[in-house]
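For the protein sequence lines, the chains are A and W, in the order given.
For the first sequence, the numbering used here puts the final residue at 301, and the numbers step up evenly by one.
For the second sequence, the numbering used here puts the final residue at 1081, and the numbers step up evenly by one.
The set of hints was computed from the structure by calculation and includes no laboratory data.
Certain hints may be false.
Within a straight-line C-alpha distance of at most 30 Å, the following computed DSSO-like cross-link-like pairs (lysine-lysine) qualify [as the list claims (entries may be wrong)]:
no.	chain 1	residue 1	chain 2	residue 2
1	A	K69	A	K151
2	W	K1059	A	K20
3	W	K1059	A	K269
Ranges of calculated distance between the beta carbons of each label pair, as one might list FRET restraints [said to hold, decoys possible]:
no.	chain 1	residue 1	chain 2	residue 2	range
4	A	E152	W	L1058	54 to 62 Å
5	A	D94	W	L1040	35 to 43 Å
6	A	I37	W	L1040	20 to 28 Å
7	W	L1019	A	I264	28 to 36 Å
8	A	C35	W	V1061	19 to 27 Å
9	W	V1024	A	T243	20 to 28 Å
Backbone N, C-alpha and C define an ideal beta-carbon position, used for all residues, glycine too.
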Amino acid sequence: MFSFLRHLFVPHHTNNHRPKVLHHQSLFVLVIALCIISVSSTLVRRDYPAVLSITADISAQELLTLTNKEREKEGLTPLRLNDQLSTAATLKADHMFTKNYWAHIAPDGTTPWLFIRNSGYEYLYAGENLARGFTTAPEVVTAWIHSPSHKENMLSPNYNEVGFAIKTGELTGSDTVLVVEMFGTKYIAQEQQPTTLGQTFPTPAIPRVSFEASVNPFNDEQRGAPEIVASLENRPLIDSKSTTRNIALFIFILFIGVLIIDAIVIGRKQVTRIVAHNIDHIIFLTALLIAGILIGKGVIL
Amino acid sequence: MKHIWYYCVSFVVASVCILLLFLVQGDKNMQIVIVLGLTLFYITWGLLHHAIHHNIPLKIVIEYVLIGSLGFILSLFLFNF
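Based on the sequences and whatever the hints tell you, model everything.
Below, the structure written as structure tokens:
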């Protein structure tokens, strides 16, 4: 067993002073195998989502609880879950998937405020936070709270209601879990004058557009009034995102390790070989590994 | 380390690519373009170095192409493209 592992990972006379995993044949087989795994996993994900797909453990209730915990720390009143804002968030999420964009304002100029108005929510203040690629609610809330502009929305005394949408789909070329958080405060005509719209994304305040009933496609019957309006409950047999990521991390670390061992051992033995520079490979693979670790997780907007 | 400047260029380009990948978070298509660009640079720069300072047998070319392909495909997995 030891000699087999040495043959695979350590330069030795049995492997012609080059670890077997770095031989051309081994690299070629690995590249082909990874290509086959990539294509087959795409096909399985498409045809058998119950077996292999992305998954996440995020619920609107948990997002609400965590958001309110942050507000409580600042002595602010807790936000109430509003089904109209959740409908607006769902409309926004659907629009993002349909139009394939990752932004507060759609390429066609549609703003988040249209979805809020279309949900029937007449707002005095409104705002929006977005997140994608996260797998748990604490990860989402933590990412938002570490971003000044998102934190400002979460901890704004201007808002007293919130709605969430958590949806999966393909966005800008990859399967992802999308979380939309819509904040709002209802406009009450007799008591308050229309004012400016609070921003969730860092833009200048936008004058509140007067609400037009005709643009609201929803009625009470259509909307319903669920207490928990969004959660992700799909639980495939295999989580494609974490599985492929872990496979890649393992192979990256294995190859970087073997290249370092190879460089050290051959450097000591002063063996002459016709091979490429190990440092080239190490810099290249390490850069990709670092990038993957740093940015492979979710992003917020 | 007689070719330190050469490795420094590789290091700087790799660092810039990491920064660019960070800046285009959320845009998977741009991330693929950047990873592909880094892969092509790695292969070209490695072969150029060998061509200038050493000889460049087919074995070396194949090694750079295979490691480059491996890195690119693993990135597709790692970034969940």
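Check each numbered hint against the structure and report the violated ones by number, ascending. Violated hints: none at all, because every hint is consistent with the structure.
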